[in-house]
Structures are given as C-alpha cells and as structure tokens.
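Chains as they are written, first to last, in the UniProt record's numbering: chain H, 1 to 198; chain F, 1 to 198.
Honestly, the hints are just simulated from the structure, not real lab data.
One copy or any two copies: either way a pair holds, since identical chains are not told apart in the list.
Dumping the calculated BS3-like pairs for lysine-lysine here, alpha-carbon to alpha-carbon at most 30 Å: (1) K57 / K164; (2) K57 / K72; (3) K164 / K55.
Spelled out from the first residue to the last, the chains are:
Protein chains: 2
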Amino acid sequence: MEVWFEFASNYSYPAVMRVEALARQAGVDIAWKPFLLGPVFRALGWDSSPFVVQKAKGEYALKQDMPRLCAKYGLPWQHPSVFPRRALLPLRVALLASEEPWVGEFCRRMMRLHFGEDVDIDQPGVVADTLAILGQDADEVLLRAQSEHNRQRLREQTDAAQRKGLFGAPTFIVGDAMFWGNDRLEDALLWACGERYL
Amino acid sequence: MEVWFEFASNYSYPAVMRVEALARQAGVDIAWKPFLLGPVFRALGWDSSPFVVQKAKGEYALKQDMPRLCAKYGLPWQHPSVFPRRALLPLRVALLASEEPWVGEFCRRMMRLHFGEDVDIDQPGVVADTLAILGQDADEVLLRAQSEHNRQRLREQTDAAQRKGLFGAPTFIVGDAMFWGNDRLEDALLWACGERYL
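Please work from the sequences and hints to get the whole structure.
So, in structure tokens, the structure goes:
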C-alpha cells in the first residue's frame with residue numbers, strides 16, 4: 001500500500017502516526033510516498049490549503065475535529081501557530097529515507113513536533129536533532145537530502161501524485177483503488193488484504 | 001443530537017440510513033434537521049457542490065468512495081445520473097414531518113430512491129407514493145409541505161444552519177460541538193453520551 005503524505009497536512013498527522021503499526025498487524029507492506037501538496041493544490045486551482053481557502057471548514061478542522069481526533073487516538077495536539085507550515089526539508093529527508101528502516105520513526109517524530117508541539121520543522125537544526133536521535137549522520141543526510149538530484153526526485157514524486165489523481169493528503173493507493181483521508185486508513189488496509197466488502 | 005442533512009448530499013445518504021438505529025442503541029435522542037445546502041454553499045462563495053467545483057474530489061467521492069462505503073454498509077448504490085439533484089419537495093416534507101414518528105422512514109426511503117435507484121425524488125408523484133406507503137394522506141401532506149408557511153420555515157432552518165457555521169452535510173450538533181460528515185456519526189453519538197475521549 002502506498003502512503004502519500006505531506007508534513008504540512010494536518011490529517012496526514014494521525015495517519016502517519018498510525019499507519020506502520022496498523023499495516024504490520026494487517027500484514028500489509030507499505031511504501032512511504034512524501035510529496036508536496038502545494039503544487040497539487042495550485043494545479044487544481046486552489047491558492048492554498050482548502051482549510052485556508054474555505055475558512056469555515058478550516059476552523060472546524062483545526063479547532064474542533066483535530067483536537068477531538070487526536071484525543072481519541074491518544075496523540076498530542078497543539079493548534080498550529082502557522083498553517084499551512086512549509087515542510088520542504090523534512091519531506092526531502094523522508095523521500096531520501098523512504099526505503100530506510102528508520103523512515104517511519106522519522107516521519108512520526110516530525111509530525112509530533114509539528115502538530116503535537118507546534119515546532120517549525122522546516123529548520124535544519126530541528127531535522128538534524130531528530131536524525132541524530134535516530135542514530136543517523138545528520139550532516140551527511142541533510143547534504144544528500146538537499147542535493148539537486150533529491151530535490152528533483154521530490155518534484156517528480158509530486159508530478160506522479162498529480163498523474164495518479166491525488167487531490168489531498170493523506171492518500172492511500174492500493175492497485176487502482178484510492179483512499180483519501182486518515183478516516184480511510186483502516187478501509188485501505190482491508191482492501192490491501194483483499195477485503196472487497198461484497 | 002441534531003442531524004442536519006440534505007437529500008441532495010451523497011454523504012448524507014449513509015448517515016440518514018444509519019442514524020436512527022445507532023442513536024437508539026446509544027440511547028441518544030435525535031432531532032431531524034433538513035436544510036438546503038445550495039444557499040449555504042453559495043454564501044460560502046461556492047457556485048455548486050464542492051464535488052462539482054472540485055472535479056477530482058467529486059470523481060473520487062462518487063466513483064470510488066461512495067460505492068465502497070455503500071458496499072461496506074450494505075446499502076444500494078447507483079451512480080447519480082444528475083448531481084447534485086434538487087430535492088426541495090422531499091426536504092419540505094421532511095421538515096413538516098420532522099417530529100412525526102415516520103420521519104426517519106420517510107428520509108430513508110427518499111435517500112434509497114435517490115442514491116440507491118437513481119430516481120428523481122423532487123417529483124410529487126414519487127413523494128406521494130412514499131407517503132402512501134407510510135400510511136399518510138399524501139395529498140394533504142404535500143399541500144401543507146408546499147404552503148408558504150412551510151416554505152418559509154425551510155428558508156429559516158437554512159438560515160439557522162448558516163448561523164451555526166455549517167458548511168456541509170451531514171452535520172451532527174451536540175451542544176456546542178459540531179461533527180461533520182457521515183464518518184463522524186459514531187463519534188458524535190459517543191459525544192452525545194458524554195464520552196470526551198480524555
């Protein structure tokens with residue numbers, strides 16, 4: 001199952017926190033697919049996050065739905081002081097690390113800092129500290145993450161998201177089937193297990 | 001718990017089909033709140049349903065998510081040949097009947113015709129047939145539903161939805177808490193039972 005996500009996306013937060021454990025229980029392999037939501041939104045004609053463009057929906061999502069969801073899942077939540085917050089550097093690192101065994105823990109730590117502690121995660125120091133905690137050579141990882149080759153790969157991954165018809169995050173892809181939103185994580189995993197409900 | 005819904009709204013379909021039985025199990029009283037989604041969307045600056053304005057999202061919702069959700073809930077699904085479909089007359093009847101014991105069954109039958117059988121439910125004959133099945137005097141109900149008084153009440157209910165900050169349907173209101181979407185029906189009922197997750 002492909003897990004398409006953005007660190008800037010608030011509903012990607014609970015999905016990223018939950019997906020690895022749930023997939024393991026379900027016996028489903030996952031592929032981490034970090035991508036840039038901004039270009040996808042702009043290509044759809046939206047200037048920013050729907051939660052900025054559609055104010056009432058954004059107020060509800062960030063002030064009512066997210067705090068309740070996080071409480072339900074036992075996740076910390078802090079109303080973000082900046083939204084949406086750019087998270088280019090962590091996305092580049094996640095892309096670089098997407099087949100490393102530590103990618104899940106890296107993503108969870110970034111998400112927890114962003115939405116659980118309202119930390120600006122687009123800072124090299126913040127990313128480096130997390131890499132160090134994970135036993136990685138932070139300088140080396142950051143250098144490779146910022147290379148022109150890796151920047152280009154992130155642009156290409158974002159193009160791929162658009163070609164697949166993604167319009168938001170998180171999105172789970174299982175074969176031809178697309179599942180949009182944290183609310184569909186369990187359904188996507190059932191689908192990946194061959195469950196067709198019928 | 002207030003159940004705000006629109007017959008034109010595809011995600012109101014599974015919510016309307018499920019809410020009465022789930023609320024009864026949870027011991028929660030519900031108030032049926034039919035309203036017009038069109039004026040609410042227009043007041044938010046959207047010309048039509050977000051599933052029309054945002055094509056990719058609409059394609060996903062109607063061609064992937066709805067068929068799967070309906071299969072999961074054991075509900076019939078037919079891709080609507082017209083979307084969004086006007087459902088003014090059934091909404092007026094639902095409003096008129098909103099405190100009658102047969103309101104739930106009326107709403108479910110309208111929804112099943114609309115999204116399960118792709119029937120144009122804004123036709124007096126279709127509504128009359130359903131009223132007759134429910135043992136109601138169809139002519140009398142339709143006359144009262146179409147009265148200026150009842151038309152005005154539906155406009156007022158729609159104004160009330162806007163004052164409450166609704167931006168979509170279905171929406172469940174429990175005190176000050178708003179829950180948007182069929183996906184939040186269970187959470188809203190837990191909230192109505194006093195569950196605060198914390």
